[in-house]
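**Student:** Each chain, letter by letter, is given below.
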Amino acid sequence: MSAAIDFQAKLTIGIVTVSDRASRGEYVDAGGPAIEDYLREVLDEPFETLCRMVPDEVEVIASALIELVDQADCRLVVTTGGTGPAVRDVTPDATEMVCEKLLPGFGERMRQVSLQYVPTAILSRQTAGVRSRSLLINLPGQPKAISQCLDGVFAAIPYAIELISGRFLQTNQKRFVAFRPKSTK
Amino acid sequence: MSAAIDFQAKLTIGIVTVSDRASRGEYVDAGGPAIEDYLREVLDEPFETLCRMVPDEVEVIASALIELVDQADCRLVVTTGGTGPAVRDVTPDATEMVCEKLLPGFGERMRQVSLQYVPTAILSRQTAGVRSRSLLINLPGQPKAISQCLDGVFAAIPYAIELISGRFLQTNQKRFVAFRPKSTK
Amino acid sequence: MSAAIDFQAKLTIGIVTVSDRASRGEYVDAGGPAIEDYLREVLDEPFETLCRMVPDEVEVIASALIELVDQADCRLVVTTGGTGPAVRDVTPDATEMVCEKLLPGFGERMRQVSLQYVPTAILSRQTAGVRSRSLLINLPGQPKAISQCLDGVFAAIPYAIELISGRFLQTNQKRFVAFRPKSTK
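These protein sequences, in sequence, are chains A, B and C. Residue numbers for the first sequence, in our numbering: 21 to 205. Residue numbers for the second sequence, in our numbering: 21 to 205. Residue numbers for the third sequence, in our numbering: 21 to 205.
Simulated from the structure, these hints should not be mistaken for lab results. Misleading hints may appear alongside valid ones.
A pair holds if it fits inside one copy or across any two, identical chains being indistinguishable in the list.
The calculated DMTMM-like cross-link candidates involving lysine to aspartate or glutamate, where the alpha carbons are at most 20 Å apart (straight line), are [what the hints assert, rightly or not]:
{"id": "1", "residue 1": "K202", "residue 2": "D49"}
{"id": "2", "residue 1": "K121", "residue 2": "E79"}
{"id": "3", "residue 1": "K121", "residue 2": "D76"}
{"id": "4", "residue 1": "K194", "residue 2": "E56"}
{"id": "5", "residue 1": "K30", "residue 2": "E182"}
{"id": "6", "residue 1": "K164", "residue 2": "E87"}
{"id": "7", "residue 1": "K30", "residue 2": "D64"}
{"id": "8", "residue 1": "K121", "residue 2": "E182"}
{"id": "9", "residue 1": "K194", "residue 2": "D171"}
{"id": "10", "residue 1": "K30", "residue 2": "D93"}
{"id": "11", "residue 1": "K164", "residue 2": "E65"}
{"id": "12", "residue 1": "K202", "residue 2": "E56"}
{"id": "13", "residue 1": "K121", "residue 2": "D90"}
Construct the entire structure; sequences and hints are all you get.
**Tutor:** Printed below as a string of structure tokens:
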């Protein structure tokens, strides 16, 4: 697999900021840039990000996710915001709608990691799943919480993308050793 | 939000005891009173409880939950009993039926806390969710297990109710510091 | 319940190996034998195992599970393999299809235990549930991971089977103390 890297298509990652206020321009999105910064630090290959800014509407979020997977062929799509229990928080619902497989271990792990910082971590409904050959992950809205969550799950992301799509991700070994089991069966 | 508290309607909390035997009068319910005692200890404002006693029937449990949320306008509804794997244990199913949003972090956290006491904690199917402006939480049947579970999640409950309904809960700071993030977005 | 053991029907346990390669004979199944060895070590009564080998096809897996529960009357059915995020990994989906009740605590606990060994544990979608009077549990494919997962949940299995079916399991007390609460209500 490592030999194939030169011939791989350039990696494209979708970042969807879900926020009524940010999408109306009343608020400067901090989540999207925080995710991009994090990825630039942990990935050791060039990649392109496609950023979308949508209101807290389940159909609009779902459309953005579908477009980024089906048209833009992103191998990874992350959302920020809309994961709480309030009536307008529907990002996980949109994610479940568009995924063929859910990966409950991501939400469990991210809540558990966040619980080390705030007891309200249990209120997060964040999830993750697979659509076609893409991995979709819900992250919180706050930059600090985004880093905490990604620190908790990133080591599994390169191998997940490899299992889903065959795409090998080159990671910054100083920052994160991407774990890959020696044998998958 | 804190300024509004004097003008808030009196807090009403629903407690649903789910037990075939207790609902036939063959058994004195210990779970309901244990929940009420716990809440009197951790909440620092007057509140009314509406108690219901129902058999382990999914439709009957669901009706009780709906009545307490839709008619009685309870901000919090807790159940006790019926969360195990046996054929008559259907409280989580009734809860899922009536909730618009599920909050998987509650069940995860309560199982994890209970696991410190008994390895059979993993058999509990307890969940939590949101219906309209109410928070619904499944608790076990045994008073000791009820306390353990509430100790594990209570710090997040006041903020959850605030996010769902705008209702600020006054808590007993000596017993529990209700966590509220400084900024929600 | 303990008095009834002499009159109980012999315990039958189903083991379903889910693997395209193993079912085509291209690969010698290691998961099924590892599960059988484990059970022989922890159970202290004679039991029969019924082993099935199926490809990663959701309908074929579901049929095997149904047959082992409905026809063969297995009190416990465990699967090995097919729990990951890849497109052919559908064992949890088949399990959810045939179960009347899901027991999310098993998956949570098994992922948590596995996470002590590999960060990619969060990619497992393994679950457990109840169909009729049987307990169904998904295990990973690798023998080492099977042992780790069973070590994490076995203490709760005898009591689960007792609650579901009334069948008391005799366990090897030197290896595992099967936990049974003193009072169930």
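**Student:** Hint by hint, say whether it matches the structure.
**Tutor:** Results of checking the hints against the structure:
no., hint, in the structure
1, K202 <-> D49, "between (40 Å within a copy, 18 Å between copies)"
2, K121 <-> E79, "both (19 Å within a copy, 16 Å between copies)"
3, K121 <-> D76, "between (23 Å within a copy, 15 Å between copies)"
4, K194 <-> E56, "within (18 Å within a copy, 42 Å between copies)"
5, K30 <-> E182, "within (15 Å within a copy, 45 Å between copies)"
6, K164 <-> E87, "neither (28 Å within a copy, 40 Å between copies)"
7, K30 <-> D64, "within (12 Å within a copy, 57 Å between copies)"
8, K121 <-> E182, "within (16 Å within a copy, 32 Å between copies)"
9, K194 <-> D171, "within (14 Å within a copy, 34 Å between copies)"
10, K30 <-> D93, "within (10 Å within a copy, 53 Å between copies)"
11, K164 <-> E65, "neither (24 Å within a copy, 34 Å between copies)"
12, K202 <-> E56, "neither (30 Å within a copy, 25 Å between copies)"
13, K121 <-> D90, "within (16 Å within a copy, 27 Å between copies)"
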